[in-house]
Amino acid sequence: MRKMDGNGLKVVFMLCLAFVTTGGQSFESTVSQLLRDETEDLKCFVDRKKDLTCFWEVEEARNDQYTFMYSFENKKKMPCVVSSRFVLASNKTVFFCKLPKTLFFVALDVQVFRDGRTLYNRSLKAENVFFVDPPRNLTVMSSGKEGQLNVSWLPPLLKHMDDIMIYEVRYAVEGSHMGKVEEKAASTTLVLRDLQSGTRYKVWVRVKLDGVSYKSYWSSWTDPVFADTLPSDMDLLIVLLVLSIGLILFLLSLTVILSHHKFLLKKLWPDIPTPEHKFPDLFTVYKGDFKEWMSQNNGSIWGRSVHVFTEEPPSPVEILSEVSPTSYDTSPREERKPTEEVEESEQTDSGLMGGWREPPHANWLMEQMRALQENPESLSQSTLLQSHDTYVALNQNSQHVQEVSERQTDDVFEETLPLQALFTTEGTSSLSASHSDLGSLPQSSGSGRLSSQSSFEDPNHTWPPKGPGYTYMAVADSGISMDYSPMSSSNIAELRKHRIYTNEYKNEIFGNKWPFSSQHVESGY
Amino acid sequence: MKSYFVPQSRVDFAVWENIDVQGQAMEVQTGRSLLALSTAKKTVSNSSLASTLDNNISNIHILGQILHSLDLQQARSTVLPDDSAPASSQMQEVSSPPELLQVQSSFLRGKVRLLLSAAPACQRQNS
Chain A
4 MRKMDGNGLK
14 VVFMLCLAFV
24 TTGGQSFEST
34 VSQLLRDETE
44 DLKCFVDRKK
54 DLTCFWEVEE
64 ARNDQYTFMY
74 SFENKKKMPC
84 VVSSRFVLAS
94 NKTVFFCKLP
104 KTLFFVALDV
114 QVFRDGRTLY
124 NRSLKAENVF
134 FVDPPRNLTV
144 MSSGKEGQLN
154 VSWLPPLLKH
164 MDDIMIYEVR
174 YAVEGSHMGK
184 VEEKAASTTL
194 VLRDLQSGTR
204 YKVWVRVKLD
214 GVSYKSYWSS
224 WTDPVFADTL
234 PSDMDLLIVL
244 LVLSIGLILF
254 LLSLTVILSH
264 HKFLLKKLWP
274 DIPTPEHKFP
284 DLFTVYKGDF
294 KEWMSQNNGS
304 IWGRSVHVFT
314 EEPPSPVEIL
324 SEVSPTSYDT
334 SPREERKPTE
344 EVEESEQTDS
354 GLMGGWREPP
364 HANWLMEQMR
374 ALQENPESLS
384 QSTLLQSHDT
394 YVALNQNSQH
404 VQEVSERQTD
414 DVFEETLPLQ
424 ALFTTEGTSS
434 LSASHSDLGS
444 LPQSSGSGRL
454 SSQSSFEDPN
464 HTWPPKGPGY
474 TYMAVADSGI
484 SMDYSPMSSS
494 NIAELRKHRI
504 YTNEYKNEIF
514 GNKWPFSSQH
524 VESGY
Chain B
276 MKSYFVPQSR
286 VDFAVWENID
296 VQGQAMEVQT
306 GRSLLALSTA
316 KKTVSNSSLA
326 STLDNNISNI
336 HILGQILHSL
346 DLQQARSTVL
356 PDDSAPASSQ
366 MQEVSSPPEL
376 LQVQSSFLRG
386 KVRLLLSAAP
396 ACQRQNS
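Those protein sequences? They're chains A and B, same order as listed.
This note's numbering numbers the first residue of the first sequence as 4 and each following residue consecutively.
This note's numbering numbers the first residue of the second sequence as 276 and each following residue consecutively.
These are computed hints drawn from the structure, not numbers from a lab.
All figures in this text were calculated on a predicted structure; none of them were measured in a lab.
A portion of the hints provided could be inaccurate.
What the hints assert, rightly or not - Pairs of lysine-lysine, DSSO-like flavour, derived with a Cα cap of 27 Å:
#	chain 1	residue 1	chain 2	residue 2
1	A	K162	A	K104
2	A	K104	A	K78
3	A	K78	B	K277
4	A	K187	A	K218
5	A	K187	A	K53
6	A	K79	B	K277
Chain B on its own, in the form it takes in the complex (with noise of 0.2 Å):
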């Protein structure tokens, strides 16, 4: 049976104000790259579910370009991505294309979007 190898996706308000901007990028990035190769893995023979995946490698890849233009983008990732065993308390397993989706779905509105709203770049004006 195959998994997949998602970030996790659980926010602690408690601990993520605790954590700087640099550690909150880091976990942002390896979690981008677990999504990246998680979704790559053409498993999948349902034809619309395949083409979903294929716009999430896109998406997945836009979201990488952003960060680096917010200098948030590490040089490299602590993580592997291969196939060994989730050493990290960031990742999960999911066992399913839909279970993925809807954990990305929760990374990117959790950890992603509090990354980019405290960035200086993508603060709004207060009038």
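Next up, chain A with everything else stripped away, as it sits in the complex (with noise of 0.2 Å):
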């Protein structure tokens, strides 16, 4: 006994395992699906074992008896077994019935009598009701192009008829709802095109017959595959690019700050100036210590580059000058008398300062007339001039001394004969431009004269070296550095071209005051 419990267990095992294993697709989910897909009252389906299975749906659990009756061919009728069960995914309850012996090709009439009376009768080929598992091992991969994804799956275990399936590929992006759906008959793969590139998608199977020789139900769906499609070349490009010409910019920017390294650091961190180098030693050797250095220095350094600049007592420099024979009247003589000085200075200048170089504008000179006009006595204290180095000049024919306690550098005469002559006394008559006092020059009137008459007369004629009748014009260098621009020709062209304006200028303020403003000069030899 104890042995054929034994082997009893073992037998009743291996039915619930055939049982389990050959399952496929549980009659629960078919039944399920078949609840929602048939419109027949009495539903039937084939499954992949060929056995045809009939059941009924029943609202109220009653203690009805149910009675099936099925015949193929229309031959003899025969009874089936009706059974029961609760399906949960819809929960209702369905009475079935599974024929013992299925035939196909031929009509197959089946009734369900219940308490005696005809509930259902249907006619049906076995052939129709096929009811397939869904496909296998459904794969999806990309395809190594961009927006295409391969996808490939097994048939169901379906004995002759794996060439007989038609295939729906259903796929969407991952949480979309809007899919789209491709037939694919008899063949196992398929090739996804269009589609987004750098996207997840998700891919559903399922599969029927074809309908030739036997039909069926859809299958239900399988369950989904996610795949993701290859990233578009166009981003991967963009993104190339956009690297590739930064690092370019990048290493452009490093060869110009390589190569002017030194004039952008001068810039960003310009070097403190430091004024050693113009005092050598004082930091070095002398530690900061200034008067050390200046003794042992002598102050050599500082006597070359100031001595320009200490008080030196003046020295008093005659200028001879002479009226030029260009033709110009009296009124630019004035501008011109600072250039002509200024190049006569320059010219004889071993006891010259070095400080004249260009005679002020013109409107300096208004300025400088105007303010010896209305403070003649301050000429001695003009800041301009601190000569007071005074001069007689002789004229010949005059008896009349000119005492010039100023000069002014505007007060200028072309000269043309060297200095020396200046000394030579025969018969020299000298005028004494006091160009620099105007207010201390007397009346025009034989005050003075000029031996360059003849030049202004003659403006074309040149200064003849007719004697020693020079007009002087002592220039005193009080020392005062003034720089100024250096006479040019083009200067020289403006001053004659305020002509006019000094004329007028001299006439409205000094007059007669001013002996050379519009007069012919005289000179005597």
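With the hints in hand, could you dock these two chains into one complex?
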């Protein structure tokens, strides 16, 4: 008995195992799906083992007696044992009967009786109510091309019918409810095209028989499989382009910076100027002791560089000027005077200071003349020329002695004779051109005479070396380091342009006080 | 009343799978012959139906050629195509042309297809 029990248990276990493994799609899932899809009241289907099962839905669980009768080819009717089951997925109770033997390609008649009365009556053919399992081993992979996916699967296990199956592939972007469907006959692979790049897709597949020899319902969908499409080449290209451009710009800027690093360093991190180079050894040898350093150096450096600025007793400079034979009247003389004077002073530099280089502007002339006129006593305290030297110019024909205490740089005569000619006193008559002393100039009448009269009268006539008839203008260097711009021909021309202006000025303000303003000065020899 | 002797179209997979290829071929051939004889009887008055039956005759002959090319045609049929009573379980009798065509359709879809799909020459190459 024990052996029998052991063997019996084994058999039962094996049967249960067999029942479970031969399921494929379970009875309940099939029933629940057909409850939705099949419109007939009496629903029948043939499973993968080619057994036909018919079932019907019961709303209320009552103790009704159902009788199931069937017949093939109008032959003898046979009964079928009716069972019931509760389908959890649909929350319904069904009665069903599985035929012991199923014949295909022949007419089948089924009848259901409840309590002796016909409930359902249906005539069908078994080869038209197949219910296939879904496809197996669904695989989705990237095809290596942009926007494509390779889908492949295996057909359900159904003998003799592998080549008559139609498949339906459904795919959608993950998270989207909009899906597309593609049908495929016989073959178990499919390439999805025109997909979005770099997107995750969901793919399902289902199958049904082609309906030529056998017909079936659509199988249930497989479990979804996810796959990603390749990222767009364009996106990759754009990223690569941006990176390469950035790299090139970086290298360019690096090259520029390196080639001009000294310049940039100077601009961004300028050297703090130090005066060390001007003071040799001050900081290195004398440790910053300036007195010590000065004593050691004996002020040699300072002496050289500042001798110009020290107060030196002004040395009188006599400038011989000569009225230029060029065509201009008296008025521009005043403008030209400082020019010539400067030029002369530069030419005879032995005793002259090098400070003079350029007569001032016409405005400055006016101001100086105005100042002198207003305050003639302050000529001696004039800020411009501190020279207190006076000079006496003797005129051969005149007893007047002009005293000039001040000289103006604007009172210049063009000088053509060398300086030593100044000292030739033979019959030398010099006219004091006290142009710097406007206020003290006597009236023009006979006050001064220019030896260059002839030049006035005859502009084209060059100044003849007639003799020692020169007009003097003494210029004293007061040590003022005024930096005048060098007189150039253009400036001379400008001064000439101001001829009218100056002339007016003189006539208005100085009138006759200016001996040379509008008079011919006659020189006497 | 005229009757047509037509093949049995029923297929019991449990039985069919136990029959060897030659046995299957014989069944198919016998049935084809019966159909050929039945459709040859020009007893219909309806012209459209007559033309359909004429097409069937040509199709049945084509089927014979296919079977011959597959070396499935038997040299001789064991069933005598005459008016004698159906002695084989492979025959059935129908009384009208529509029934004849319906049986023919079932026969072709069933047994003929099963036989041809099992033939090596007709096997799809599995990729």
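Evaluated hints:
Taken as a hint, the K162/A and K104/A pair is honoured in the structure, with Cα atoms around 17 Å apart against an allowance of 27 Å. With a C-alpha separation of about 14 Å, the suggested pairing of K104/A with K78/A holds against the 27 Å cut-off. With a CA separation close to 22 Å, the supplied pair K78/A and K277/B stays within the 27 Å bound. Our distance criterion of 27 Å between C-alpha atoms is met by K187/A and K218/A, whose separation comes to about 16 Å.
The suggested pairing of K187/A with K53/A holds, with an alpha-carbon distance near 25 Å, which does not exceed 27 Å. Taking the CA atoms of K79/A and K277/B, the gap is near 25 Å; set against the 27 Å cutoff, the hint holds.
Consistency with the previously given hints is maintained throughout, with no hint failing.
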